[in-house]
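Using the sequences provided together with the hints, build the complete structure.
Just so you know, the protein sequences line up as chains A and B, in that order. To convert, take the position in the first sequence, counting from 1, and add 98; that gives the working numbering. Mapping of the second sequence onto the working numbering: position 179 corresponds to residue 178, and the numbering continues sequentially without gaps.
A portion of the hints provided could be inaccurate.
Straight-line distance between alpha carbons at most 30 Å, and here's what the computed BS3-like set of lysine-lysine pairs gives [what the hints assert, rightly or not]:
{"#": "1", "chain 1": "A", "residue 1": "Lys261", "chain 2": "B", "residue 2": "Lys471"}
{"#": "2", "chain 1": "A", "residue 1": "Lys261", "chain 2": "B", "residue 2": "Lys167"}
{"#": "3", "chain 1": "B", "residue 1": "Lys471", "chain 2": "A", "residue 2": "Lys180"}
{"#": "4", "chain 1": "B", "residue 1": "Lys357", "chain 2": "B", "residue 2": "Lys391"}
{"#": "5", "chain 1": "A", "residue 1": "Lys261", "chain 2": "B", "residue 2": "Lys397"}
{"#": "6", "chain 1": "B", "residue 1": "Lys397", "chain 2": "B", "residue 2": "Lys357"}
{"#": "7", "chain 1": "A", "residue 1": "Lys180", "chain 2": "B", "residue 2": "Lys391"}
Honestly, the hints are just simulated from the structure, not real lab data.
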Amino acid sequence: MSVVRVLERLGLQVECPAGQTCCGQPAFNAGYLDEARALARHTIDVLSRSDAPIVVPSGSCADMVIHQYASLLRDDGVYARKAEAVAGRTYELTQFLVDVMGTADVGAACHGRLAYHACCHGLRGLNVRREPEALLDAVTHATICPLAESDVCCGFGGLFSVKLPDISAAMLDRKLDRIEESGADTVVVTDVSCALHIEGGLRRRGSTVRVRHIADVLAETGAAR
Amino acid sequence: MNVDERPFAQRTAEALADAHLRHTLRTVTTAILGYRRAGLGRLPASDGWRDHARRIRAHTLANLDRYLDQFAGAVEARGGHVHYAATAAEAVAYVRDLAIARGVRLAVKGKSMVTEEIDLNGHLERAGIRVVETDLGEYIVQLADDRPSHIVMPIMHMTRHQVADLFKRKIGATEEDVADIASMTQLARRVLREEFVNADMGISGCNFAVAETGSITTCTNEGNGRLTTTMPRIHVAMMGMERIVPTVADLGVMLQVLARSATGQNLTVYTNVVNGPRPREGDRAEGDGPDEFHVVIVDNGRSRVLASGQAEILYCIRCGACLNTCPVFHQIGGHAYGSVYPGPIGSVLTPAMHGMEKFDDLPQASTLCGACRDVCPVRIDIPRMLLELRAKGVAQGKSPLWVTAGIRAFVFAGVRPGLFRTAGALAARASRMLARGGWIRRLPGHLSAWTRSRDFPALAATSFQERWEDAKTAGVRDNRENPAR
Chain A
99 MSVVRVLERL GLQVECPAGQ TCCGQPAFNA GYLDEARALA RHTIDVLSRS
149 DAPIVVPSGS CADMVIHQYA SLLRDDGVYA RKAEAVAGRT YELTQFLVDV
199 MGTADVGAAC HGRLAYHACC HGLRGLNVRR EPEALLDAVT HATICPLAES
249 DVCCGFGGLF SVKLPDISAA MLDRKLDRIE ESGADTVVVT DVSCALHIEG
299 GLRRRGSTVR VRHIADVLAE TGAAR
Chain B
0 MNVDERPFAQ RTAEALADAH LRHTLRTVTT AILGYRRAGL GRLPASDGWR
50 DHARRIRAHT LANLDRYLDQ FAGAVEARGG HVHYAATAAE AVAYVRDLAI
100 ARGVRLAVKG KSMVTEEIDL NGHLERAGIR VVETDLGEYI VQLADDRPSH
150 IVMPIMHMTR HQVADLFKRK IGATEEDVAD IASMTQLARR VLREEFVNAD
200 MGISGCNFAV AETGSITTCT NEGNGRLTTT MPRIHVAMMG MERIVPTVAD
250 LGVMLQVLAR SATGQNLTVY TNVVNGPRPR EGDRAEGDGP DEFHVVIVDN
300 GRSRVLASGQ AEILYCIRCG ACLNTCPVFH QIGGHAYGSV YPGPIGSVLT
350 PAMHGMEKFD DLPQASTLCG ACRDVCPVRI DIPRMLLELR AKGVAQGKSP
400 LWVTAGIRAF VFAGVRPGLF RTAGALAARA SRMLARGGWI RRLPGHLSAW
450 TRSRDFPALA ATSFQERWED AKTAGVRDNR ENPAR
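Following this line, the structure appears as structure tokens:
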């Protein structure tokens, strides 16, 4: 709902097409291409019901729709074109705010010491780096804590974290060490999967550092203390 | 090929238990990545150079037959010999037979990945020919009866104390000899100089071969590589079939991006270009260089890769940048990859060259974070190829049953929104039953791997879609807070 709040605050009318499930990225990353195609077609159908810009609050899902659908459905006469059309109006949330709406200041205000973890798919798939930083810089009252190795993967990687759990845990440890060193009380992410991973690790450590999606931070406006 | 047959899980478990290894990996790779950034930063428009380098590689690989022919013609015109080896066995046999025919008892060898690939040392030694590695790192690996763990820094996994012990055990070093790194280097230098003087054959690798001139180029930061190619009377250069560039101008481009990507240097200190045997007649007579010059062009599965969907991996120029940047490599190091080429490049190259049978774990050893693609000097899309190999594994029935069942069930529901919603609600309820204080400390079944080291959150009682619809029917958009602006 935070995404909706932020977008509506900018005067936009938000629709949420019913029937959305999953973009298919987990199946795609695991090598299940037929299964990923089925979900891609379904998602394209759902998203094709309107021609408004599509805003995705997750870098990995956005990357899937923007970059992978086209190659996945290359040989599908009907869906190849549809995929292209959908990709052409899909934006990752922070890119939409900063690059399309042209504003880094969405009227957010919250107290806190924020560190930004650059989620891989957004960062390298979509080149999302500048936008979240600009948005966070504009949050009233917040202090930004630089995070060392902010662009190093946290080790989630979908099934990677379950198939090779020990390597994944070692990568997560490194990430959590950097987070704790940063002095932040909140880690801000742009992808739900990194949030799941990092927050699960912080909880297990008994850390008090919280993980928040950037939309939750941007939605907050009541910072009076 | 030289491979570690033990299961991937066992190799990674050993690496993860090695605190020193992981510390070294982290500090060294971080430093090297810094040098790389600085090195590329000194090259104006470095991204343009990388694009250009990629075009050269793409063009060369698309016309490989032609350039190999041109190269072979140029080598032979200068009095050298070229041998195509389709397999590792053919490559080894050529060098072994040549050595035996010429009465070679000692060969000195420069650093070369392709010779590791075909286990040249082992085969020559079994034929009674002693081989001495001359690159310091490789020399240490050889003394330790170990294998290189990094393409550029072969003994990244060892401590100086391990090396000191090794020198005392194997080459009679005194305490004084191993007092510090400089004295250890001096000792190795004294030992190796003797070998150079006595060697009948020098074996080198080949970073790049130049088609128009018939030259081979080796890039090292030690002078020993150059002694290997110039001192012995016979020189054998071993090159992977793909390691060719059309012209000297192209070589210039590749050398720039190679050195900067590998170590951050503008140019590797000893960038050595060999143009065949020492000319003997008249004005062209030269004082150094071998009497005989042989180039062995090794295929060993490369043709198969070239014809496959993974041809792009042959663009690789072995800079090692993808290893240095890979967060998985940072944790497990090179040996865990089980073959000569570690890290992201190895995870593609090894199964692509040698089949998925033994190496189907390697394409899984990545979070697909894309860091390798970002640093690659020739912009190889490694994550895409890992995905293709994973898909190949699935098509070959290599994927575990629980993964297949899970994905199929998920997708079955995913294209049926009503079912998806019901399943989601059930999963949410189950997750809340397992949770305490909103978090689960132990998930059931295969998912328990997750909760070995992290908590898992209970899923929300109501889905976003439900909340969205409630908000709509209530005519409220949950947007009533008073903005404190």
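- Message: Hints numbered earlier in the text: which of these fail when held up against the supplied structure?
- Response: Of the numbered hints given earlier, those the structure breaks are 1, 2, listed in rising order.
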